[in-house]
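Chains as they are written, first to last, in this note's numbering: chain A, -3 to 477; chain B, 304 to 725.
Calculated from the structure, these hints are not laboratory results.
There's no promise every hint is true.
Mimicking BS3-like on lysine-lysine, the simulated pairs with C-alpha atoms at most 30 Å apart in a straight line are [said to hold, decoys possible]:
{"id": "1", "chain 1": "A", "residue 1": "K371", "chain 2": "A", "residue 2": "K390"}
{"id": "2", "chain 1": "A", "residue 1": "K243", "chain 2": "A", "residue 2": "K259"}
{"id": "3", "chain 1": "A", "residue 1": "K474", "chain 2": "A", "residue 2": "K441"}
{"id": "4", "chain 1": "A", "residue 1": "K63", "chain 2": "B", "residue 2": "K378"}
{"id": "5", "chain 1": "B", "residue 1": "K564", "chain 2": "A", "residue 2": "K164"}
{"id": "6", "chain 1": "A", "residue 1": "K301", "chain 2": "B", "residue 2": "K564"}
{"id": "7", "chain 1": "A", "residue 1": "K166", "chain 2": "B", "residue 2": "K316"}
Which chain A residues stay away from chain B? Per the calculated CB distances, all over 10 Å, these [unchecked claim]:
{"id": "8", "residue": "R113"}
{"id": "9", "residue": "I249"}
{"id": "10", "residue": "R285"}
{"id": "11", "residue": "L376"}
For glycine and all other residues, C-beta sits at the position ideal for the given N, C-alpha and C.
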Amino acid sequence: MDYAKLGFKAGLEIHQQLDTPKLFSGAPSFLRSDAPHYTISRRLHAVAGESGAVDEAVSHEAGLGKKFIYEGYRDTVSLVELDEEPAHAVNQEALDTALTVALLLNCEIYPVTQVMRKTVIDGSNTSGFQRTVLIAHDGFLELSSGQKIGIATVCLEEDSARLILREKDKVVYRLDRLGIPLVEIATYPDLKNAEQVKECALKLGEILRVCRVKRGIGTIRQDVNVSIKGHDRVEIKGFQDPKMMIKTIDCEIERQLLDLKNKKKNGEVRNAKEDGTSEFLRPMPGASRMYPETDLNLLRIGLDKINGLKKNLPKLKTDIRDELKKKGLSDEMIGLVLESSEILDEFETLLKVYSLDANLVGKMVTLWRNEFATKMNKTLMEIKEVLSEKVLEKILDNVNSKKIGAGDVKHIMMKILDGEKLENALKVEKVDDNEIEKEIRELIKTKPGLRANAYMGMLMAKFKGRIDANKAMEIIEKFVG
Amino acid sequence: MVELNFKAGDFVKFRLAREEIEARVLESSDSRVVLVKLNSGYNIGIPKENILDCVVVEKFKDAKKENVVPVSKGKPSIGLIVTGGTIASKLDSRTGGTAPLTDVSEFAKFYPRLFERVNVKKLSVPFMIASESMSSEHWITIAEHAKEMLNDSEIRGVIITHGSDTLHYTASALSFFLRDLKKPVVLTFSQRSIDRASSDAELNLDCAVTMALSNCAEVMIVGHANENDDYCFALRGTKVRKMHSSRRDTFKPINCSPLAKVWPDKIEFLEKYNARSEGLTKLDSSFNDKVALVYFYPGQDPSILDYYLVQGYRGIVIAMSGLGHVAIEDVNYFWESALKRAIKNGMVVCASAQTIYGRLNPKVYSTGRMLDEMGIIYLEDMLAETAFVKLGFVLGHKNWKSLVREKMLENFNGEFNSLLSE
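Next up, chain B with everything else stripped away, as it sits in the complex (with noise of 0.2 Å):
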């Protein structure tokens, strides 16, 4: 075969068997095929075993435009927190996918309208990746960066942009991390990529701008409430999450209604709130990793209970079927002194609702019943990825340590909803 000394970007004539083709390289994602732009703008393959020979025509020039940061004197200021996502991805001429908006004035050149509403004084990007890679650590760098930005007099309210797929899990985190919140915190993110112009992300960043300039001083996820691109929904950070894998309106209010509804230029309150204040945010992220989320299903073996315990975790939240079950009568496993060998070896237990809608009642049934007793905790309404970041902070404080129950069932940041309206 014919050495190939081109590199992506590179403008090269190929020629091959029947014709000749002048194209500019791009990466591929198959080392079998070299991927070019014909001039027509069409991408085609090219098989590499069909290339007799090439010449590079043109090198590839790295033409970095220097794009400048709108300073916006005399506007509102906000604090702007880029953590990757759909929202902050663009896409890459040369590899033809898509990478990372890696600098402010990128961003500037893509939300141009941010910048028009608003003067961002404080930017800055933690890292860059996709939110099913986050983890506790990230949250934490989150809300330490929101702090700091909280507590400039001069930024009215934070946002941060930050991929769909555990955006609830970050906005629970910084529920519970945040605390005398006095100003703002919204989070925003994006299901169609930012190169259409159909991007959901246009609308959703403008009404989180119009969120954080608020005077609702809550965490909150601001995303379209429904397929139009006419408002979005201000959702409460503990009881929010992601329904649909692709839809624009995927972030629902669980067992609650919206905050409010949230247009470019207004805001329509649903639901009480608190108000912005003076003061400063304190920021408390103690947090506890050896926390398990684990998902009920018939026949489930408890052992994986055992293998938990082993492996050092202090605390596991089970999604539990119905009003709170789990197999009491399975003739082969048995849930009950799984249960009773994890709690009594000090592991905190948690029950949560994998209807994700209502609440637990362990009082109906004599299965609930038995578990209740056993010192299960069943924490009523509240979504069980919230309940799963809430045991990690509540464990995280050693000085609760006997306290754990009662902190479990406070009502910290409204993971609780007496009423359970919608």
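Bound conformation, chain A alone (with noise of 0.2 Å):
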């Protein structure tokens, strides 16, 4: 498809769950599958807005005259997610969380601004409205091929409750999701074709993953904004998967095609089905759906934490593994290493200590726990108990003053493992250069044409832990070619 021929244009936009207390109410916010311990009924009718406007996609909702139940727990839901109470201050956390996002994206920070209403009547929300807060604006973010991709806002908003069963005349909800913070990112039209759509999500997707969000299904939606030269946008919503990312838009554009043929170029929000097409779903919303959440002050977002915020802001992946590689590390220990940030954290400070060799320091953190938690049939825990952050870092030290090889790392974490106290592990009775010669000589004697990693294996059988392997390879090396 030659896309920039249609005048193809696209924009994301993401919608994140922050891993933070609800947004409103400081409520605990996960999902819950057990029974819930209660239900309340409640209808919504129609409001004029501010400007006594009737919002159009408002007006759509089918939400009037249908009975809502929404399903509660005692323990988790506040009178705030029942709509019995005034919305509390905005949750810190979670605005931390949305700021170090807008902040990976290069946005400018709003100093001050106002949590808003949108109004929504199809009963996803109690309150007849979902509260948002527009925090950032202008930034970008870089695609492999070097091309900035605009961001032009990041909000704050709650998440909306959870539809259980649609009927004719009544609609179920569950309160557990009402409330979870959201971050929403929206990027300018600066996407060019499919593939960029998709690059464009998969980034985002790694940058949020860095910062306190939730992971799993239905944890992350995206939406598409399309439009081709002559079209209005139109919004495509509820992409799980971005593998179908390219195929839905590819049909949107022939849909597009297709509405100029006929002489229509209405923007509308659409679903993405699983195939790869998609239905109408809603008139575009308009501006009139918002009003001031009067029950809040204006929110100022002070220099003093965005500069907090910027000196702790967490560290992509990509960013971490080109950091690693400098370091000298192998790309097969950076994988292992970035299994968990647990492990990264104990590679980067045993690696303070001894900085000499990071593929060292990498496998003391790493294959050699695992490989003598199976030798001696012992969960990865128990290894990690005896052979602790502390332990290691006290090994390291002795290598890095050169008091023990990088060699004999290996052979004293066996031998604390095996009970013996650090300090004696630590003290490597060294076999004297000229027996271990002596001993070569010896084994060329009576085994003669092996190769040298055999008379080594040979040599570490009879002294141990006794002689450093790299000093015993030299020696071998000299007698055998």
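Hints given; two lone chains; assemble the complex.
Spelled out as structure tokens, the structure:
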């Protein structure tokens, strides 16, 4: 498809749940599958917006006249979610997380902003509106080609209630999801083809994952705004699988082309289907559905807060990878070290003690511990209890001060696991170089023609930890060409 | 700093250090910040010191739309008194805050269903204030407006919308002021602002209409019975209290059952009530506002009584602990002498229960017996707020001067309940 010729423009809108308490109540934010403790029933009615106009998208929502049943839990649902208490001040943990996302996206933060109510009357919000606050604007992210994609806005908003059952006159929602903080990221329509849309979505996902966000199905929702020349913007909601994006976008272009042929150009909101096509959901929402949350003060975001967050910005995985590579870690070791943030932390702490051999430090915290666990039929936890970060630090300290050699480290770890005290294990009784040489001559004489590694193995078997492996290899290589 | 020559409502272009913003200016509660609405609908604040330059692109035009009040000939007529509070406040697009609904047509815009069901023959807006700012003068004014409506033969009942904070005081006052009530008087409110699709005002008002057209000639508060948008309770004006700061079922019957369960289309009566009848309702709104309501607490200095005496107060209701006690054995404070001094100087001292639920009984403990003998009037199961209103009403009647105790203990309008149901 010739995207440039079609005047294709696309922008992404991402909603990601944050792993913090609820945004306007501080209630715990997790989904529940146990039976709800109670239900309440409510109705919603039409209200004229502040200008007196009823928003087109609002009036389209078929919430009026329906009965909404909300399922709640005594221990995790507060009066705010029940629409029985005014909103509490914005949860600071959620705000900090959203600001962190905005800063990672190079955005400008608004120093003063206001929590808004966005009218929603499909029943998914008990109040009849969704609270949302614009916190940042005009940032960017870089694609692998180097192209910068503009970030239009970053908002912090509350998630809606979870749909459980929809019948003709009755809809059942669960309140566990209502109020969970969402960060909403909207890009500018800078994306020039479907492939870029996908790459941008993946890149945003990578940035979000280093922040305090929830993981797993349903915790991230991706919408795409698509238009071709002559057609108004169409919003496609509900991608779960980035793999389907390209196909869905291509289908939408075909649909818009057909629209133009039929002299239609209207923007609308559509729902992505699994086969790549989409279906009409509702008209585009307008600005008239937004009005201020009158129960809260203006939200001020001070420079102190922003500077504090800037100092502690989490690193992206790709950045960490590059850094580890610079420190001399092999690709295989990078993979192992990055398996958990705990290991990465440990690795970075230990590397500060001994920075000459990143791979040695890497092996200590990954491969060898695992190896010992398997050999000794113990859990990794049990191994870690003995070979703690403190113990490893002590060993590396000795390597650094040349009291022991790098080649001794594994053996020392083994000895400690065998029950030897740390101080004793660190006392490596060195076999004299002459004695090693003598032994090597003897070995070559009795078993000639073997490879260096074979002699090394025999040497190690005889002297156990009492020789420095590197040193021994040097000597062997003198005799075996 | 650059001169900011725009007004709220204007569409303005701002130049800031790194960007330009075009937006509609709103009224800001913070003088250091210009609050604006962006085209997306979001509001943000611009610290004034960040504005390098600004130009008004478009002046504010007050597009006042004439709202037409629907006339509903052929439908039953009611009287409507609007006094302020959440139920009669709307969002002001210019200020971004809430402002009172100012006329009938606006009321009609927000509550079309009311005008579909009835013909609002008379509507009055005597004042628009939050209920915590009301005093006995406001109760009297409301009573006067209600009486006039009640005595219009076409009007079937009167609905009064009111802030919820002190609604139970007003309900008590109307219960005493409107004598020989022949038609329903229904007070209603909302706890959730009416801009929200979820506002409780809708059901409350709908049920208030049902009650106003009913056969029940009582002063009642009508509001959500529970957290569901299902039905309301009609609660007797003298035995009701606001019991929750934010929930929609905030009003609870105290020491009695609700008068009725009310749906938009039906009523299920739970208690006996005065039936609608022919004739005129009288107004008796004599009130002496030199009355006070004092809440007893441990370690309280009783010289508060002397203060009220010096200030010329004629009556005081003390919300006492338990069955009706104040500190008698406190070594620092002598309530006994302070109370005797007050009573000797002509102060009427009444006792009501700070437990809210239950009946006082001064005969059980020696403290109670002593206070009882001093001449304190024990008001049984009457709510402290009702007692306060009733005391002002009784003391307002000069011809009852020698009958104060009898009148305080006479059951005017269900303020006593000998059965204490619930």
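Here's how the hints hold up against the structure:
1. A/K371 x A/K390: holds (24 Å)
2. A/K243 x A/K259: It holds: about 24 Å lies between the C-alpha atoms, which stays within 30 Å.
3. A/K474 x A/K441: Status holds; Cα separation ~15 Å.
4. A/K63 x B/K378: holds (28 Å)
5. B/K564 x A/K164: holds (28 Å)
6. A/K301 x B/K564: violated (53 Å)
7. A/K166 x B/K316: violated (47 Å)
8. R113: violated (8 Å)
9. I249: holds (26 Å)
10. R285: A/R285 not clear of chain B: closest Cβ-Cβ about 7 Å, inside 10 Å.
11. L376: The claim holds: A/L376 sits with its nearest Cβ about 49 Å from chain B, beyond 10 Å.
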